[in-house]
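J.: The chain contents come next:
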Amino acid sequence: MNEPTTLPDKGGHYGIFGGQYVPEALNAALTQLDREFDLAMADPAFVAELNRLRVEYSGRPTPITELPRLSALAGNARIVVKREDLNHTGSHKINNVLGQALLSKRMGKSRVIAETGAGQHGVATATAAALLGLECRVYMGKVDTDRQALNVARMQLLGAEVIAVESGSATLKDSMNEAMRDWVASVDDTHYLIGTVAGPHPFPRMVKEFQRVISTEARAQLLERYGELPYAVAACVGGGSNAMGMFADFIDDPEVKLYGFEAEGDGIPTGRHAASITGGSIGVLHGMRTYVLQDEDGQTVESHSISAGLDYPGVGPEHAWLAASGRGTYEPVTDAEAMEAFKLITQTEGIMPAIESAHGIAGAIRLGRRLAEEQPDLSPLICVCLSGRGDKDVASALKWFDLDGTPDETVGGF
Amino acid sequence: MNEPTTLPDKGGHYGIFGGQYVPEALNAALTQLDREFDLAMADPAFVAELNRLRVEYSGRPTPITELPRLSALAGNARIVVKREDLNHTGSHKINNVLGQALLSKRMGKSRVIAETGAGQHGVATATAAALLGLECRVYMGKVDTDRQALNVARMQLLGAEVIAVESGSATLKDSMNEAMRDWVASVDDTHYLIGTVAGPHPFPRMVKEFQRVISTEARAQLLERYGELPYAVAACVGGGSNAMGMFADFIDDPEVKLYGFEAEGDGIPTGRHAASITGGSIGVLHGMRTYVLQDEDGQTVESHSISAGLDYPGVGPEHAWLAASGRGTYEPVTDAEAMEAFKLITQTEGIMPAIESAHGIAGAIRLGRRLAEEQPDLSPLICVCLSGRGDKDVASALKWFDLDGTPDETVGGF
Amino acid sequence: MTDMRAAEPVKAPGAQLAGAGISGRRILAAKAEGRAALVGYLPVGYPDVDTSLDAMRALCRPGDGPGVDMVEIGLPYSDPILDGPVIQRAGTTALKRGVRTRDVLRAVEAVAEAGATPLCMTYWNLVDRYGVDAFARDFAQAGGAGLITPDLTPDEAEEWMVASEEHGLDRIFLVSPSSTEERIIATARACRGWVYATAVMGVTGARQRTSSQAPQLVARLRELAPDTLVGVGLGVSNGAQAAEVGSFADAVIVGSALIKPMLAAEDAGTPADLSGLRAVVADLAAGVRSA
Amino acid sequence: MTDMRAAEPVKAPGAQLAGAGISGRRILAAKAEGRAALVGYLPVGYPDVDTSLDAMRALCRPGDGPGVDMVEIGLPYSDPILDGPVIQRAGTTALKRGVRTRDVLRAVEAVAEAGATPLCMTYWNLVDRYGVDAFARDFAQAGGAGLITPDLTPDEAEEWMVASEEHGLDRIFLVSPSSTEERIIATARACRGWVYATAVMGVTGARQRTSSQAPQLVARLRELAPDTLVGVGLGVSNGAQAAEVGSFADAVIVGSALIKPMLAAEDAGTPADLSGLRAVVADLAAGVRSA
Ligand SMILES: Cc1ncc(COP(=O)(O)O)c(C=O)c1O
Ligand SMILES: Cc1ncc(COP(=O)(O)O)c(C=O)c1O
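Chains as they are written, first to last, in this note's numbering: chain A, 1 to 414; chain B, 415 to 828; chain C, 829 to 1119; chain D, 1120 to 1410.
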């Protein structure tokens, strides 16, 4: 294995992955961003302001919660979750957004644009824009604006402008395309606030750093509470930002295994999935070289997942590198497995996770059960990133479990 | 003014308010509860476990957040919010629910029942029940189950049984009646987990103590950050639990003013409101003597508020006492004022409050403006309890602001 | 307020607390006939005020035979936490049709005229709102005997103790299977007339079987407060059950079973048809006499 | 990868980087006529593969008069981040109708036969997926002159540098108004053939007016990389604009303006009707000759 901590190189490469496959028109902005990001992170005033917002605004540090009743279903494992769902706006997305929005201000850019799938990152971006007085425009696939009208309205209530994208498959990847198009034309006064560890360099590196706080906190919390490092850390992987945040401070702990759980949708054999690492191949998409769901010709193939936030046909390049190098283990989790885990953690622990996060929980349960067979003497501590809360997913869960909000019984009717 | 800290008396009276107007069948349970609550709070193991859940599960302490952009609209005031919205399940309700659910277990009761209006307290109760492995049944007015089907499903996903109540006005007060009826018949193995500082003694006292953590934290946080006590603390008042939690540790600071903001709905003159203190009269409801919305004969009158959580025709008896004694100031806030504040805080600070909490914000803005006229030299620090997040209210806000989730623009369509 | 925690009840000013009162004497009269007294509950105002008065008259004199000894006139309330669905429906309907607190006074007069003892069962806020003393005064003046107070225990009854003494009204408080010895003693002492023993843990409503807790509760009462008269309610639905309850209680209280035929009449489109009610009353009256 | 941060571009193995190449020579030929070269963009596969080849032929010979000098054959791609709505629509439609990467080879042959110089404009993943060397080999073999790579800058072009050298293909990279001096120099050196100057910050699409940034950018290029041939694209929509651009650029690139009449033909139900296209080409060809 190479020295992980020296990655990426200054061109943004993680081995063969990453880089900057973008129109020249964006080069200046990306170069500026790369430079300003480093300057900002070296500037105590910036770091202090970011930290102040994390603590006073977003509610960090988030706790870790041990889940005894859920763990009882997972072999000998002790499952602990890192509670990113308790962040302001309900997921880890705010960590990144606060960082980039502050950076936009620092760069003198008064406008931010963002892509969004179900709307989580869009809401988080609109939130940070409202907080810092930035103009905000969010691109969202038409298919998604139709099925997530509430989130459209939420962004509008926050003062953002929401643009429906009808091109391509009219979903997340197309909203990224459209945001790129906007950025090419507006780069002077606009920052493109990418929502995950994907896209052209320096986004994967920068977003990782903004999400690193997850593992920095979790590592200290685990050591304090348990006096040991965990057997493994785990997370769901869409673009990969919550997973990268969860992995970051553990990458250099070789004894801690890194597990990423991708969305397998209906199952890899069906072709209807979003598991880019497990079921994709190496290619170039959205400015980076990584694992991509693509056809024979290199045309991007639509991804499928019950979870909007994982429904993306690529993955952050550092994950591609971690997978290829063997440092990380990536496994797919089907819709059905994720929803079963969604129900289990909800009913045993009173924590309704985002369906994204339920993939991580499902993976951890499976891992726990597998380890109980393979290494029955082990009682492994597994820390899963609970990347977000499930409020946004109640309607999907309803549909999945065939509920319709009808009460169990009626009394007092005459 | 009387000595506030000696209240209530052992019969649960706050001056002429409070008490225990319940069927004799409940006396034993209430007496047990009163005793067990005191024993529990004196038991370091119980307190430690409650504190552990608050910290590790719910994410306490919640931060205080200064709102500079909003404050700029509120005269010379510096508005700071106590972030109960960052709690697990999204409001202060969890503080009370964790306490009572632990207490249920301690009392050997394996089943909890709860009333709920829009569903916040029901979801919180179902959550705690799932966490602690208690059976759970939630009563909810039929009118509310119809308009809040998502919350019904959410409780069902958490493993709770939801019962629609058709009697009376089929809203919150009737679900309380129905829960009482259940409790009368099931008191042996069941705890009735009331969601606010209302109902018969010892609920008002007990719920206050479980919510006290809000002001205990806020007081220390304010002193640490500002080196001074606030000019005023403020909160919305439905049943009054978040307000009581926000007031509790400040009641004995005579220089700190206590402001409670009631829901004025369409306006008190219209009769369509939920401002029990400002617009009601003294009576007996749900086991307590307090201010009640009632007609000439003492029949309860239906309350009206855009905010489901404030839509209750009574108020906790200690608030009645604080109001009558002059220690607290209670003012009504109309739907329109609350929604204006909802928009202002959302767009200037990126914090979308529960509509309940928006009443508190609206009141604080009004207070700040008024003080700027009356005492222009003052720059008062006002700490408002942001009791919950607005995710649950997006649909209502949409309707109010005439939004329908249509994007602002569409691109890429051919 | 009265302190119920001590085993010794506090004495209300100038009161002879354990007195039989008007309603107690009525029970004693029934006892003299070797039977339990029969108490029938009907809400005023259902299906409308006038018909409800007719219904109460029918309760007193169902036909040729005997009727109830006492009528528990229910005052419909918006938030009746101890009422089951049958009484709720009647009460809610009555409220919708405009029944007022003051209508209870007409009902009292009608019952008194019909020869039964008029009691009123009411949630406390209605009395509170009317004014406790004013209500007691007007109620007594109309010929009422006393109040049954489902959500007022002696703990909160200070004002009511005073007013009932002042106006000579009976105070019928409830005891329940979960009441402690101390509370049974204290409640019995606070009552005047008789003690209302709620036979099951639960709200009103006719049940298939009467509760096995009822005899026990009555036995405890008799032991703890030997001279107290005891009415048993909640769940009695027919003559056989009335006979059973009458075998150990001093008064048998029936509510939902009386209202059901009235609801059925309304559903059949003949709300003024009291024949079903009369039949039930006759059965119950026979029941308490059959033991 | 090539390091673009240094002002001195790294030399690709054995390459003469600043060479005019095939496409550069075509531009020089036009220059010899005292005019700018005209480059027309059309996607292969729209409205279908065969018709798109016809359209490219029409581009080369719109009628009696002259057509374009070079055809920029667009390879439709699922995620065309530099394309405006017109090209997106044509490309998406072509993909829906089954166009494949290999169809570009037929287009190359058609264009070459029609006497123009065939270039291919492609997002990088399609080449990457085909295999960079394999693509270069097949493309060259079919008669292609080189590639225009909108999302591949010299920074990531190591493999392409090698393959293009190997197979004698031109490399047309883009520069933009925001490019630094260093990058303009380095990009110009990495190019073979000519440099594609994107005249506005923005995606493709015919505009009412050409950008004022274009002359400046070309001037910067001429100053920083004196011997470089420059094509200007993005936004040219008619003959007058072509004349204007041709007055300062070595080649005028037109795309959306050519596709618009084809979309209009499809909307009119006559997708094979190329008359509109021919008219635009004729206008543009006249434009570059009118200066
Ligand atoms: C809660 C949550 N978890 C995970 C994801 C997936 O993103 P990433 O893989 O970047 O963490 C999303 C994206 O929307 C999300 O909302
Ligand atoms: C967010 C929020 N705030 C306030 C309230 C009102 O309750 P209370 O007055 O007890 O705080 C509710 C009740 O549902 C609520 O959900």
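I should point out that these hints are in silico values taken from the structure, not numbers from a laboratory.
Any given hint could be a false lead.
[Unchecked claim] Under the rule of at most 20 Å between Cα atoms (straight-line distance), these lysine to any residue pairs were calculated in the SDA-like manner:
hint : chain 1 : residue 1 : chain 2 : residue 2
1    : D       : Lys1150   : D       : Ala1338
2    : B       : Lys671    : B       : Ala634
3    : A       : Lys343    : A       : Ala72
4    : B       : Lys519    : A       : Gln347
5    : D       : Lys1215   : B       : Gly827
6    : C       : Lys924    : B       : Glu580
In this text, all values refer to a predicted model and were calculated from it rather than measured experimentally.
J.: Against this structure, judge whether each hint is valid.
T.: Here's how the hints hold up against the structure:
Distance restraint check for Lys1150 (chain D) and Ala1338 (chain D): the Cα-Cα separation of roughly 17 Å lies within the 20 Å cut-off, and the hinted pair is therefore satisfied. Proximity of Lys671 (chain B) to Ala634 (chain B) is assessed by CA-CA distance (about 17 Å); at most 20 Å being required, the pair is judged to hold. Distance restraint check for Lys343 (chain A) and Ala72 (chain A): the Cα-Cα separation of roughly 15 Å lies within the 20 Å cut-off, and the hinted pair is therefore satisfied. Restraint check for Lys519 (chain B) and Gln347 (chain A): the C-alpha separation of about 17 Å stays at or below 20 Å, so the hint holds.
Note on Lys1215 (chain D) and Gly827 (chain B): the hinted pairing holds, with a Cα-Cα distance of about 15 Å set against a maximum of 20 Å. This hinted pair checks out: Lys924 (chain C) and Glu580 (chain B) have alpha carbons roughly 15 Å apart, not beyond 20 Å.
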